[in-house]
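Start counting the sequence shown at 1; every next residue gets the next number (the UniProt record's numbering).
It is possible that part of the hints are untrue.
Simulated DEER-style distance windows between Cβ atoms [unchecked claim]:
(1) A70 <-> V4: 36 to 44 angstroms
(2) G17 <-> V50: 20 to 28 angstroms
(3) E69 <-> G6: 18 to 26 angstroms
What the hints contain is simulated information worked out from the structure, not anything from laboratory work. All C-beta atoms, glycine included, are put in the ideal place defined by N, C-alpha and C.
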Amino acid sequence: MTVVEGESVTLECQISGHPAPAIMWFREDYRIESSIDFQITYENGYARLVIREAFAEDSGRFTCTATSEAGTVSTSCYLLVQVSEEIEGK
Numbered sequence: 001m002t003v004v005e006g007e008s009v010t011l012e013c014q015i016s017g018h019p020a021p022a023i024m025w026f027r028e029d030y031r032i033e034s035s036i037d038f039q040i041t042y043e044n045g046y047a048r049l050v051i052r053e054a055f056a057e058d059s060g061r062f063t064c065t066a067t068s069e070a071g072t073v074s075t076s077c078y079l080l081v082q083v084s085e086e087i088e089g090k
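Put together the whole structure using the sequences plus the hints.
Okay, here's the thing in structure tokens:
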């Protein structure tokens, strides 16, 4: 997935399990904690990570991990944040 710096990004994965699994998001190997800049939700079987404003340093492999009594599953995607030419030229 490619976005321009400054845009909002939503990453989403569909997960089901009973009881509901514990959801964790990682950028590379670092766990992302929910904050003003990174909003993490899990509702109706969808885990979402919203990056309020993406910057070039947010580029990398993002992984969503779900853990329950049955085990652990994860899926990953790569995010590329491009610097806009207008910002770069200033």
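Structure-based check of all given hints:
For A70 and V4, the Cβ-Cβ distance of about 39 angstroms falls inside the hinted range of 36 to 44 angstroms, so the restraint holds. Taking the beta carbon of each, G17 and V50 are about 22 angstroms apart, inside 20 to 28 angstroms as hinted. Look at E69 against G6: about 41 angstroms separates their beta carbons, and that is not inside 18 to 26 angstroms.
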